[in-house]
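Could you put the whole structure together from the sequences, leaning on the hints where they help?
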Amino acid sequence: MTISPVVLFWAAIFTSNILLSNFLGMCSYLSVSRELESSLGLGVAVVFVLTLTCALNWLVYYYLLIPMNIIYLQYIIFIIVIAATVQLMELVIERYTPALYYTLGIFLPLITVNCAIFGVALFMVIRKYSFIQTIAYAAGSGLGWLLAILMLAAIRIRIREKAIPAGLRGAGISLIVTGIMALAFLGFSGIVTVQ
Amino acid sequence: MKQTPLEEKITAKMQPGVITLNGFLGEDDRHYHAIIEEDEKVLEALGFTAEVIADRLEYFTKGSFGSYEGPILIDDIYEVETDVTRGRLPCPFSHPGVYRKTVTGLINLNNGLSIRWSGLSIHLIRAHHFFEGRGSTFRLEPELLVKAIF
Amino acid sequence: MLAHILSDIAAASAISSVLAIALVVARKYLNSYGDCRIRINDKRDLVVKGGNSLLSSLSEKGIFLASACGGRGSCGACKCKIDHGGGPLLPTEKPLLSVQEQKDNIRLACQIKVKMDMQIALPEAVFNIRKYKAQVIEITDLTYDIKSVTFQLLDPGEIDFKAGQYVQLETKPYARIKQTTMRAYSIASRPEDRDQIELIIRLVPEGICTTWVHKYLQVGEQVNMTGPYGDFYIRDSKADMIFIAGGSGKAPIKSMLEHLKVTGTDRHMVYFFGARTEKDLYLTDLFKSYEQVFPDFQYIPVLSRCDDGAEWCAKTGYIMPYIKEVLRDSRNTEAYMCGSPGMLEACKKELLALDVPNDRIYFDSFS
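Residue numbers (my numbering), protein chains in the order written: chain V, 1 to 195; chain R, 196 to 345; chain G, 346 to 712.
It should be emphasised that the hints constitute simulated quantities derived from the structure, not laboratory data. Remember, predicted model here, so these are calculated numbers, not experimental data. Using N, Cα and C, we set each Cβ at its ideal position, and we do this for glycine too. Take these hints with a grain of salt, some might be off.
[To be verified] If you want a taste of the chain V side facing chain G, the calculated C-beta under 7 Å gives, among others: (1) MET68; (2) ILE70; (3) LEU73; (4) ILE77; (5) ILE80; (6) ALA84; (7) GLN87; (8) LEU88; (9) LEU91; (10) ARG95.
[As the list claims (entries may be wrong)] With a straight-line cut-off of 25 Å between C-alpha atoms, the simulated DSS-like cross-links for lysine-lysine are: (11) G:LYS394 with G:LYS426; (12) R:LYS236 with V:LYS162; (13) G:LYS439 with R:LYS204; (14) V:LYS162 with R:LYS342; (15) G:LYS492 with G:LYS606; (16) G:LYS517 with G:LYS560; (17) G:LYS560 with R:LYS208; (18) G:LYS458 with G:LYS373; (19) G:LYS406 with G:LYS507; (20) R:LYS257 with G:LYS693; (21) G:LYS694 with R:LYS257; (22) R:LYS204 with G:LYS458; (23) G:LYS388 with G:LYS448; (24) G:LYS517 with G:LYS478; (25) G:LYS460 with G:LYS373; (26) G:LYS694 with G:LYS583; (27) G:LYS426 with G:LYS507; (28) R:LYS208 with G:LYS517; (29) G:LYS424 with R:LYS208; (30) G:LYS523 with G:LYS560; (31) G:LYS424 with G:LYS458; (32) G:LYS669 with G:LYS583; (33) G:LYS460 with G:LYS424; (34) R:LYS204 with G:LYS517; (35) G:LYS694 with G:LYS669; (36) R:LYS208 with G:LYS439; (37) G:LYS458 with G:LYS406; (38) G:LYS523 with R:LYS208; (39) G:LYS424 with G:LYS507; (40) G:LYS394 with G:LYS373.
So, in structure tokens, the structure goes:
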């Protein structure tokens with residue numbers, strides 16, 4: 001486990017994209033990808049929250065859960081930390097950058113239940129990342145998720161007026177598109193492997 | 196159906212009495228996304244885009260804007276009349292900006308078809324491809340619309 | 346074993362509690378802005394609790410800015426100049442402000458939160474605006490789609506306005522409609538009657554407020570309104586006056602003429618009333634009678650469609666061609682117009698072409 005954080009960062013975006021290789025964070029990915037603008041808003045919010053909460057969760061895990069010997073409670077504790085962080089960020093953003101608050105505003109609370117964020121926190125534990133590695137991996141995963149949702153949104157806008165069979169409209173075609181995107185990303189997998 | 200907070204807000208704004216008296220969805224129980232997607236399919240089959248239709252509607256509304264005392268004839272076969280009321284309405288999709296309260300009525304003298312639309316309809320069609328729900332006051336059936344204005 | 350479980354639960358609870366307390370503390374510091382001082386026009390100071398929008402903070406202190414959408418940031422009526430403390434321009438404001446307005450620090454009061462001491466500038470007239478409770482005492486049909494509604498002011502019991510200004514009427518929830526809406530209507534009665542006001546309201550297809558007034562409002566009902574608003578009123582000069590109105594646009598002109606009747610005037614005045622057919626004419630006898638009241642006044646209804654044998658067929662078609670006939674000295678003429686925006690635009694163009702100065706053409710701003 002001595003992968004350079006820089007490598008980890010790029011790997012998280014391309015070779016092991018949290019969404020396209022682990023299929024995490026699908027619900028908001030499918031439901032918010034109708035428009036480019038809101039996709040970007042949610043994606044940026046995910047990058048923010050993901051990086052911040054993973055750093056916090058790393059500290060909580062190694063400095064609280066392990067010494068207190070309550071690792072089995074990590075699921076609950078991680079979620080509580082994520083929820084609290086999101087709330088706190090909402091307050092801070094509203095106070096100091098109201099313009100950003102209006103852009104992200106409605107997406108922030110939605111992120112609490114985004115499984116990509118929880119997933120990254122668990123990966124960081126399983127793969128025994130160091131603090132710096134965790135931050136690099138989390139930021140990369142966030143950007144990877146942002147990239148994926150932007151691509152899907154762009155594709156959905158383009159295929160909106162095409163003749164898609166009625167049964168496949170909406171979520172159906174989006175899942176197929178996502179599958180093809182995942183296959184395309186598989187092409188990166190030879191470059192570096194992060195597990 | 197699962198909705199994002201934004202979509203919930205939009206659906207709420209389309210209800211009666213929020214922006215307009217009878218709302219934008221009429222008797223239609225489909226989600227507005229479904230309405231948009233189905234109308235887009237019809238439009239594509241007809242070979243028109245929403246932008247072209249919106250431009251055409253705007254052309255008629257602008258052309259008859261000063262005709263506050265009765266209809267005027269545009270392009271020899273369209274009898275058009277625009278009634279302008281004071282005040283402006285916002286877009287239910289939370290787009291910034293407000294749109295003039297106009298109601299334009301058009302009669303195509305060649306085939307006798309008559310339709311009417313509001314100033315907000317033009318924006319809804321151009322920016323959101325939204326022709327409103329069935330039974331709504333300003334529902335525009337794409338097929339009928341295309342026959343009437345082209 | 347039990348001790349284990351209990352200590353684990355305690356540990357988990359402790360972590361959660363720490364986070365919860367952190368949130369509460371953060372909220373206390375981040376979400377409370379304490380008392381903020383709003384300095385208005387460099388002479389009045391208001392102290393309000395921070396955290397609310399400027400619009401509602403001001404209205405709590407009895408200062409009512411115009412707002413047609415009720416603070417939803419869509420009408421752009423609550424524009425005001427904020428010299429200090431407004432923070433950066435928000436994306437919700439931008440579409441409603443022109444480039445020049447953005448340069449001049451004009452902002453939307455409904456979108457701005459009071460977070461610190463502020464310096465703002467408001468027109469003096471704003472301090473005269475109050476919220477009124479009023480009771481409907483009379484509803485009269487003027488035409489098939491226009492009603493006159495008279496209100497008795499209850500609290501406060503008197504209003505001080507200029508002839509031509511408007512009030513905003515607040516609808517109550519009715520039928521399928523669950524929220525209140527504010528809409529602007531010009532006052533039709535004269536300012537000398539301080540305890541009553543009359544509004545003239547035309548039924549608009551799909552109109553939330555006009556439908557309520559026409560179909561649901563009853564004599565005896567109590568309603569809320571705010572006002573007076575607007576800079577549409579008679580300028581004090583000796584210039585000739587041309588009034589142009591259509592539909593319910595007759596309301597402010599009626600108020601102006603009734604006011605002039607009290608003060609007396611010998612100015613040269615002509616009033617064009619544009620209507621579609623004879624059944625759209627109303628209060629014709631009243632305005633005709635003013636030709637005897639004033640030394641130099643003419644009331645000219647212009648019908649666009651004239652059925653055979655109708656009484657008012659002298660002038661038909663659009664108003665524009667007839668304006669030239671009554672102009673004496675175009676540079677010394679004021680025009681007061683109220684009606685549909687389409688009509689206003691066409692008439693303004695004609696007036697400008699006839700060399701009436703642009704800054705002497707007045708119309709009310711809520712079109």
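**Satisfaction of hint between LYS426 (chain G) and LYS394 (chain G), Cα-Cα up to 25 Å** = Distance ~20 Å between LYS394 (chain G) and LYS426 (chain G) Cα, so the pair holds.
**Asked** CA of LYS426 (chain G) to CA of LYS507 (chain G), is that 25 Å or under?
**Response** OK: LYS426 (chain G) and LYS507 (chain G) at ~24 Å, within 25 Å.
**Asked** Against chain G, is ARG95 (chain V) within 7 Å by beta-carbon distance?
**Response** holds (5 Å)
**Message:** Check the hint pairing LYS204 (chain R) with LYS458 (chain G) against an upper bound of 25 Å on the C-alpha distance.
**Reply:** Cα-Cα ~22 Å, so holds.
**Prompt:** Holds or violated: LYS560 (chain G) with LYS208 (chain R), Cα cutoff 25 Å?
**Reply:** holds (23 Å)
**Prompt:** Can the restraint linking LYS424 (chain G) and LYS458 (chain G) be considered satisfied, given a maximum Cα separation of 25 Å?
**Reply:** holds (14 Å)
**Prompt:** Taken at face value, is the distance from the CA of LYS342 (chain R) to the CA of LYS162 (chain V) at most 25 Å?
**Reply:** holds (22 Å)
**Message:** Need the status of pair LYS406 (chain G), LYS507 (chain G): alpha-carbon distance at most 25 Å?
**Reply:** Cα-Cα ~23 Å, so holds.
**Asked** For the hint on ILE77 (chain V), does the least C-beta distance to chain G fall short of 7 Å?
**Response** holds (6 Å)
**Pair hint outcome, LYS523 (chain G) versus LYS208 (chain R) [Cα-Cα no greater than 25 Å]** = Satisfied, since the Cα-Cα distance of roughly 12 Å is no more than 25 Å.
**Satisfaction of the ILE80 (chain V) interface hint, Cβ to chain G closer than 7 Å** = Since the shortest Cβ distance to chain G is 5 Å, the answer is holds.
**Holds or violated: LYS236 (chain R) to LYS162 (chain V), with C-alpha atoms at most 25 Å apart** = holds (8 Å)
Every hint, counting from the list given before, is met by this structure.
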